[in-house]
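Residue numbers (our numbering), protein chains in the order written: chain A, 95 to 208; chain B, 19 to 132.
For the record, the hints were derived by calculation from the structure and aren't laboratory data. The structure displayed is predicted, hence computed values, not measured ones. Cβ coordinates follow ideal geometry from the N, Cα and C atoms, glycine included. Just so you know, nobody snuck in bad clues.
Only some residues are given here: those of chain A computed to face chain B with a beta carbon under 10 Å: (1) Asp125; (2) Ile128; (3) Gln132; (4) Lys136; (5) Pro138; (6) Phe140; (7) Arg145; (8) Phe183; (9) Asn187; (10) Gly188; (11) Gly192; (12) Lys195; (13) Thr197; (14) Thr200; (15) Gly201.
Below are the chains, spelled out letter by letter.
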Amino acid sequence: GESVGLHLPTLSVQEGDNSIINCAYSNSASDYFIWYKQESGKGPQFIIDIRSNMDKRQGQRVTVLLNKTVKHLSLQIAATQPGDSAVYFCAENGVTGGGNKLTFGTGTQLKVEL
Amino acid sequence: KAGVTQTPRYLIKTRGQQVTLSCSPISGHRSVSWYQQTPGQGLQFLFEYFSETQRNKGNFPGRFSGRQFSNSRSEMNVSTLELGDSALYLCASSRGGGMNTEAFFGQGTRLTVV
Chain A
95 GESVGLHLPT
105 LSVQEGDNSI
115 INCAYSNSAS
125 DYFIWYKQES
135 GKGPQFIIDI
145 RSNMDKRQGQ
155 RVTVLLNKTV
165 KHLSLQIAAT
175 QPGDSAVYFC
185 AENGVTGGGN
195 KLTFGTGTQL
205 KVEL
Chain B
19 KAGVTQTPRY
29 LIKTRGQQVT
39 LSCSPISGHR
49 SVSWYQQTPG
59 QGLQFLFEYF
69 SETQRNKGNF
79 PGRFSGRQFS
89 NSRSEMNVST
99 LELGDSALYL
109 CASSRGGGMN
119 TEAFFGQGTR
129 LTVV
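Input sequences plus hints: build the corresponding full structure.
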């Protein structure tokens, strides 16, 4: 039968504007978080990560903010470009000690308008 | 430095058959984890292997299994395939020791069960 897809929130921005993508996580014990970008037909691409002992981390054109009090993550993309169009996922790692057990959010579709 | 390599890229199988997927991690990475991505359920964790041992496991039936070899390459097997197993199967590699670090994904294997 036909499968019902997850309803992805969509964020449309004009080229050159800043984008802010939000994510809520569930496990208050999570201490490591990652943002991924996924383009159609490709695997998720690592963008930036942050540990729970930080509340902000900056990369090239991207910034991640972590608010542990309300269990919220955001990804800010400066000067958004057409190549930034993709689905963005936040992920929390539910295990420590180097293990990898990521729980992903449902994703946000970012559309960059020229 | 080569990325994570998954083979094959595409597979078509019949219900009831079994399938084996392969993943070669980034050189030096000892952790390999597997994820299933579907429109209905999003990205879900299957299991993680580290030093040839399953270290973490998700909530999938026993038909889904895996293993890791001494060179860190990993295989995933699905037996008695069902239509609902149609998905993009992704593997991710990370260093795996000590602290949690970034996980890098391959392009995935697109499995279609007919």
